[in-house]
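Q: Sequence:
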Amino acid sequence: EALALWHLKHNAVDSSSSSNGAYRSSPGDNRYRYVWVIEEDVGVTGDIRPLLNAYASEDRDFIASELLPITATWYFYPVALDEFVKKAEGKQLRANTREHVQRFSSRIIHRMVTWSKEGAIAC
Numbered sequence: 006e007a008l009a010l011w012h013l014k015h016n017a018v019d020s021s022s023s024s025n026g027a028y029r030s031s032p033g034d035n036r037y038r039y040v041w042v043i044e045e046d047v048g049v050t051g052d053i054r055p056l057l058n059a060y061a062s063e064d065r066d067f068i069a070s071e072l073l074p075i076t077a078t079w080y081f082y083p084v085a086l087d088e089f090v091k092k093a094e095g096k097q098l099r100a101n102t103r104e105h106v107q108r109f110s111s112r113i114i115h116r117m118v119t120w121s122k123e124g125a126i127a128c
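Numbering-wise, the sequence shown is residues 6 to 128 according to my numbering.
Keep in mind that the hints are not guaranteed to be accurate.
[What the hints assert, rightly or not] Quick list of the computed label-pair ranges, beta carbon to beta carbon:
1) G124 <-> A59: 30 to 40 Å
2) E45 <-> I68: 12 to 22 Å
3) Y82 <-> E123: 18 to 28 Å
4) E71 <-> R116: 21 to 31 Å
5) Y80 <-> N58: 34 to 44 Å
6) D64 <-> A93: 16 to 26 Å
7) G124 <-> V49: 29 to 39 Å
[Claimed, not checked] Using 25 Å as the maximum straight-line C-alpha spacing, the simulated BS3-like pairs for lysine-lysine come out as follows:
8) K122 <-> K92
9) K91 <-> K122
10) K96 <-> K122
Hints are computed from structural coordinates only; laboratory data are not their basis. For clarity, every value in this text was computed on a predicted model and none was experimentally measured. Glycine included, each C-beta is placed from N, C-alpha and C at the ideal position.
Given only the sequences and the hints, what does the whole structure look like? Please build it.
A: As structure tokens, this is what we get:
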């Protein structure tokens, strides 16, 4: 939720419109290409730029450690609204990963915000 709110705030058409849902409608309109989310319990010693630069030319929408497809035995598997199930049919859109350090593209954040506004939400 926090990432979606951040996206809406930083992509609002003007500073007063972020709360009423008016924001740039296309991922190409975003003011950023990627957002790194680093959990508060991750320790960094020294300069973090080499890590960020190592992925600078990578254009994947999502980067994380140990990205694994979920199966029906995963405890959050049944947590998905009907609209998500319809949109995701035949696609592998859910994965399990470590959350310590993740990079999201503006494209995937835009899609997550759009789908959540449409009621297409899952764990």
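Q: Next step is simple, just say for each hint if it's right about the structure.
A: Evaluation of the provided hints:
{"no.": "1", "hint": "G124 <-> A59: 30 to 40 Å", "result": "holds (37 Å)"}
{"no.": "2", "hint": "E45 <-> I68: 12 to 22 Å", "result": "holds (19 Å)"}
{"no.": "3", "hint": "Y82 <-> E123: 18 to 28 Å", "result": "holds (21 Å)"}
{"no.": "4", "hint": "E71 <-> R116: 21 to 31 Å", "result": "holds (22 Å)"}
{"no.": "5", "hint": "Y80 <-> N58: 34 to 44 Å", "result": "holds (37 Å)"}
{"no.": "6", "hint": "D64 <-> A93: 16 to 26 Å", "result": "holds (22 Å)"}
{"no.": "7", "hint": "G124 <-> V49: 29 to 39 Å", "result": "holds (37 Å)"}
{"no.": "8", "hint": "K122 <-> K92", "result": "holds (13 Å)"}
{"no.": "9", "hint": "K91 <-> K122", "result": "holds (15 Å)"}
{"no.": "10", "hint": "K96 <-> K122", "result": "holds (20 Å)"}
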